[in-house]
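Colleague: Chain residues, written in single-letter form:
There are 2 protein chains.
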Amino acid sequence: MTAPSPLLHFEDFHPGQTFVFGHYAVSREEIVEFAGEFDPQPHHLDDDAGKRSLLGGLAASGWHVCAMAMRMVVDGLIVKAANRGGVGADECRWMKPVRPGDILRVEVEVLETRASTSRSDIGFVHVACRIFNQREQVALLAMTPILARRRA
Amino acid sequence: MTAPSPLLHFEDFHPGQTFVFGHYAVSREEIVEFAGEFDPQPHHLDDDAGKRSLLGGLAASGWHVCAMAMRMVVDGLIVKAANRGGVGADECRWMKPVRPGDILRVEVEVLETRASTSRSDIGFVHVACRIFNQREQVALLAMTPILARRRA
Chain A
74 MTAPSPLLHF EDFHPGQTFV FGHYAVSREE IVEFAGEFDP QPHHLDDDAG KRSLLGGLAA
134 SGWHVCAMAM RMVVDGLIVK AANRGGVGAD ECRWMKPVRP GDILRVEVEV LETRASTSRS
194 DIGFVHVACR IFNQREQVAL LAMTPILARR RA
Chain P
74 MTAPSPLLHF EDFHPGQTFV FGHYAVSREE IVEFAGEFDP QPHHLDDDAG KRSLLGGLAA
134 SGWHVCAMAM RMVVDGLIVK AANRGGVGAD ECRWMKPVRP GDILRVEVEV LETRASTSRS
194 DIGFVHVACR IFNQREQVAL LAMTPILARR RA
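Protein chains in written order, with the numbering used here: chain A, 74 to 225; chain P, 74 to 225.
Hints are computed from structural coordinates only; laboratory data are not their basis. All values reported here derive from a predicted model rather than from experimental measurement. C-beta: ideal position from N, C-alpha, C; glycine also. A few of these clues could be false.
Unchecked claim - Computed footprint of chain P on chain A, listed as stretches where at least three residues anywhere in the stretch have a Cβ under 8 Å from a Cβ of chain P:
no.	region
1	80 to 93
2	104 to 112
3	128 to 136
To be verified - The calculated label-pair distances, taken between Cβ atoms and stated as ranges, are:
no.	chain 1	residue 1	chain 2	residue 2	range
4	P	E182	A	A76	47 to 53 Å
5	P	P115	A	E106	22 to 28 Å
6	A	L214	P	S191	17 to 23 Å
Can you build the whole structure from these sequences, using the hints too?
Modeller: This is the structure in structure tokens:
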């Protein structure tokens, strides 16, 4: 008899479950570099422009924050799961500016699980992913379905 | 009398309006570099792992595709608009894998405009942002509100 896979499968996720992990130190260099490549708006590149914007100071591109979150989710959860990829996000909200010196972490809350009707080997795990900063503020909220393999 | 700003303001957006722009050439190096930093899952890093995955071959991280889209939107639309930033995305779907050699472009369709009830100087322009590849497939769909300044 083969031992069951230690990886988290669809059947291992349950509504209400919460996973807490991650430590992401945000640097000015990274904010400016990402913005220069993907989101070259002045408030992501320059302190004074940031101060004059709704952000109230230099802050990371929202898509950069999503990417930082993804890195923490890969390292802290996906490596432990029989993950089959993602399909996108149902909702994504940049709640607070992410600034140089911020330290981010993740809370993933399972909201609902649903077996795929078209593929018997996978299921959808709907999660709320909250990225907190060191001031205990939610900087990013992403509601997103994750595809997880089902146990044979 | 001062001439009105040539920038697109809230009042210049109307449901049904479509903006078409952008040309983004996707390279293998960029896919692997972004994935190495933000989404180090094997199917974004390695051809063989990509082939074994649901993606059917090496493909860019979905968040990378969002970032590529943002770059095109900044260069093709935001530079022409009295933009006040974004708040996130209402929905985001990675419809087709984005692969090395793909050429992407954008279509932004205005769905609805709504003045802010809390701030008289801004309004929300709700758009559907579709990223097409050179095979005329929609690779990314993002439904997102944009904050635009109102004319004085």
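Colleague: Indicate, hint by hint, whether the structure satisfies it.
Modeller: These are the hints, each one checked on the structure:
1. 80 to 93: n = 0 at 8 Å, threshold three: violated.
2. 104 to 112: holds (count 4)
3. 128 to 136: holds (count 4)
4. E182(P) - A76(A): 47 to 53 Å: holds, 52 Å
5. P115(P) - E106(A): 22 to 28 Å: holds, 25 Å
6. L214(A) - S191(P): 17 to 23 Å: For L214(A) and S191(P) the Cβ distance comes to about 19 Å; the hint holds.
Figure legend: structure checked against the earlier numbered hints; the only hint not met is number 1.
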